Each structure stands twice: as C-alpha cells, then as structure tokens.
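Fit chain A to the given chain E structure using the hints.
Going down the list, the protein sequences come from chains E and A. In terms of my numbering, the numbers along the first sequence are unbroken and rise by one, the last being 718. In terms of my numbering, the numbers along the second sequence are unbroken and rise by one, the last being 170.
If you're looking for bench data, these hints aren't it; they were derived computationally from the structure.
So the derived label-pair ranges between C-beta atoms look like this:
no., chain 1, residue 1, chain 2, residue 2, range
1, A, Ala145, E, Val439, 25 to 33 Å
2, E, Val686, A, Thr57, 17 to 25 Å
3, E, Lys329, A, Lys46, 28 to 36 Å
4, E, Gly424, A, Thr57, 30 to 38 Å
5, A, Asp43, E, His553, 56 to 64 Å
6, E, Lys329, A, Ser121, 24 to 32 Å
7, A, Tyr85, E, Gly424, 51 to 59 Å
8, E, Gly562, A, Thr57, 41 to 49 Å
Every value quoted in this text rests on a predicted model; they were computed, and no experiment measured them. Heads up, the beta-carbon is just placed ideally off N, CA and C, and yes, glycines get one too.
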Amino acid sequence: MFSTEEIQRIRDEFPILARKVNQNQLVYLDNGASSQKPRQVIDAIGNFYQNEYANVHRGLHYLSNIATEKYEEVRSKIAKFINAQKTDEIIYTSGSTEGINIVAYSWAWPRLNAGDEVILSVLEHHANIVPWNFLRERSGIVIKWVEPDQFGNLDPLAFQDQITNKTKLISVTQVSNVLGTVVDVKSIIEIGHNFGIPVLVDASQSAVHQAIDVQNLDVDFLVFTGHKIYGPTASGALYVKEKHLGDFVPFKGGGDMIDEVTRDHIVYAKPPRMLEAGTPAIAQMIGLGVAIDYVTALGMDKIQAHEKSVRDYTLERFAELNWLKLHGSPKDQAAIFSFTMGEVAHPHDLSTILDQKGIAVRAGHHCAQPLMNFLGVNATCRASFALYNTKEEVDKLVDGLILCRKLFD
Amino acid sequence: MHYITFGRWKLATEAFEEIIQDFEFLETWEDRYGYIIDLGKSMPGLEEKFKTPATKVEGCASQVWFVMDFVPSDSGLVFYFKGDSDAIIVRGLIAILTKLFNGLTIEQVSQADAHSELQKLDLRNHLSQQRSNGLVSMIAKIKNVSTKVLESKLHVPINSHESTH
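The shape of chain E in the complex, shown without the other chains (with noise of 0.2 Å):
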C-alpha cells in the first residue's frame, strides 16, 4: 500500500497526470491499452539522445561502446525482473505481439505439421490468436479453445481436457485485458507439463500488476510488453527458457545476428543475438531498463497492495450502480473492468462522455473479440487502473457514469 504522501509523490513524477482535458483535470484509466511514463524514463530517453547516442554492437568507438553497454545493461535487469536464471534467455522484442510472433514462427512453425494443435484461452488477445491463426493457414494446425467459466475463471483442469497426443503447445494470458481474471498460469503450466507439453505465457497485462518469477512458474516462454509497464513504446522481451533456445530458428535475417556471411554460407549468430536482426530499439531499451529500476524501486508487492485496494474500492462503489452491467467476477482479478449500459448507451457514447469529463477509459472489442463473443457483446467499456490511479480517481469515474445514466437514460 501507498500512503497518500507517497501515491501524491508518485503521481508528480508522472508529469502528464498534471495536464487538464476538456477543462477537466485528467483521469487517466487506459492503462490497459498503454501507461504513462514516469520522468525517469522520459529523461533517459532524452539524456540518451543528447549525449550517448550511437549504434550499438558495431563501433568501436566511445559513444557505441556506451550505448552498447547500456543497452546490454538491460538484458540483465529484465532477467532479473522476472527472475531467469540467465540473461541469454532473455529476447529483446518490441512488445507482446513481437515476441508471440517469433514464438510461432522460430520455434512453433519448423516444429509442428498438420493437425498438431495449440490450445489457446478465449480469453485471449489477438496477439496470441493471431499468430496461431498463421499457423494454422500455413502449416495446417489445429487451434483448439479453452473456455471461462460464467464469472470469467479459467479452469486449469479444463486445458487438461484438451489435451492430446497431437497437443503441442499451450499458449495462455495471465491476466485477461478485458475481465482482469488473473489466471492460474503455475497449474496450467504443471498439467502441461505432465503431457510434456511446453507453455506461453502472455504477461503484457500481469507484468505491471504483480512481480513474475519464471523460475517458480517454470514456464517455457514469456512475452510482457515495456509500454505497458511505464516504459517506451516498441520495448519489451520475450523469455526463453534455456533448454528451449537451440530448438529456435532465425526468423527475421539482416544485421547483427550473424556470425559469418560468405556468398555462399550464412553462419548465424546463437539466440538472442540470433532473433534481433536489424537495428534494435535502443533507446526504448534503455528506456525499458530504467521503467523496471522505477517500479523495482517502488515494489512490486507495493504496487500489487495498492491497486488491490483501488480494485476493492472499484468493486464497492460499481456495486451502487445496479444499472451498470460489470462483466466477469473473477476469483482473483487484476484492477481492470469491463462494463456495458445495456441498451441505453453504447460503449463508445459512455467512453464519449467520460472524455468530456477528462476521463480516459477504452471503449471496443479491445483486440479480444473471441471473448466479446462469449460474453454476448460487441464492445465493453473498460476502466484499467495502474499504479498512480486513486479512489479519488475511481469517485470521479463514478461520478461520470452517473452523468452518463442521466444523459443517455
């Protein structure tokens, strides 16, 4: 838990919550979608470009030498983040969706042929359908679902139920970005297991939420995404487990993974340099190192404490709109709401109007449209809290659905 000192402290350090929309001092509650960033991360990224910037893995002189290092830097902070035992296993990408797809096409596609199948949840997001559905077009697999339950619980033993001879991969979220269902991923990944079968886990909502052991978890792969988690855009990593590394084939070729280029042999670089081709993002990475520091800094237990207070408090307020439909009431649930009005407003007029008031919420299918289909709707309103979200902030978030009752109604 914040003290109130702290989470004021904490919110001046994120200079956009200062700024007024609409006339209206902002509510930032998209968080889902992406976060804001904390000074230290804004003035890394400028402090890099400033006075360090250069290539990196290339020069030999001063300035690459530094960004080199920095850069690398990172991978051991990620590494240690989420608790891997080496910092090999850890893949720089540009996000969830980047790191799923190299997942699918490194590792999955040169392995799996016709009929093999990969389960997925329906409570996924596009980002870990999508690249299956590539899949399953190419290659000829077999994609089959797992089901929440009414309250919008995974069940792990229902991942059991889908398992077969032909099973090759189970792919699962850990939090759901539109119920915020925080799965059970350690059972999942122990029935999978059992089967011999290796596990993805999708982190890009649970990273920034709770602390992620890999170790403890024992998963195989793991994808978070560092815009979520207060840093840079097109930053993130994608977790390999060791034993699993030599099974990866290059997917994108160019610069910096390789060791030898003749005309004709290609000698490649291992993993991870071998799935970094190109120039990197090396100023989100540097910018992704210091988001980690930050909420290192401030705890993720804290953090964790805090916005179960601000989900309680989220819960018991929504209780006093019986006209609100709060989709999903999972046992265990991240600070993440999806909510409709029935017939009276769309989510787009709901999320139209709360704008007005300076609130940011995110009103669609919210890339998850399996699950829209499961709960019977088209599109959601949802409210994602982060870190410097306050019941204040939940009042005024309220406050504004009760306008919106009254304008629509």
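Chain A only, in chain E's frame:
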C-alpha cells in the same frame, strides 16, 4: 425545399439552420450532447436489410451504415441519405449530417464545406474534429460517392450502396 446560400460554396439547408439556432440556446456541453443524444434517439433507424458490408462506412470506431440516393429534379440530381449506427451519439451526428446534406443538389454536396458548416455548432472542437467518432469518414463517404456519381455523369437515380463496394 429551399436552400440558403452563404458566399460561393457555403450552403446550408433550412433544417440545418434550425439546428444552428437551437445550438445557440444550449449553454453547457451537457446540454449540447443531450441535444445530439435526443436527435440520435429520435432518428428512425435503417432496416436491418440495409445494414450490410456494402453500406458500411469504414473508418468509424462504431458501426455506421449509409444508404444514399440521387433523385432527379429540375435542378439536377438531388442528394438524400439515411444512416444508422450502434452508438447513440454517432446516430445524433448522422441526424445532423442528414439535415446538412439532404436536399442539396449533387453539385452542392460535392462542393459544400461541411466541416466549416459544422463548426457553426460550436461543439467545442470535440465532436467536430475527433477522427474516432467517424464524422470525418462519414463526410468523406458522402462527398466521395457524390463526386463519383457526378463524374460518371449518370442521370438516373442510383442507390449508392449498389454502386460503391
């Protein structure tokens, strides 16, 4: 129907003038949105059979469908359209666009400066300049189809939803 002409290209129907006058009496943004919401609620919707991929207006966050007609008259082809959306505020915007465009000749539609007309509603720049609500796409659709019909020099009524996919 009569048309009021301002300057060379600025055109507005009487129906649109009425809305401008109504807006002048609405002081708060809540009132203005309330008015748009009422317009949206009271506008008759399209029949389900007209909500097809061919009539869908791309580029809007919400689903939007337009059915357009060009009716021959003494002054040439006259433009009429109906629209619908699953979002009420967007329906209200469609209602405003029907009042802005319906009854104009096809030449007037392709020349009208819809954005500057809508600025008269003083929506505090929110609704009128947001790309997300689809207003930009809706206006572009109307103008593109009108320009296409104009260029094709057709003199028979056309259901645009049959000719624009």
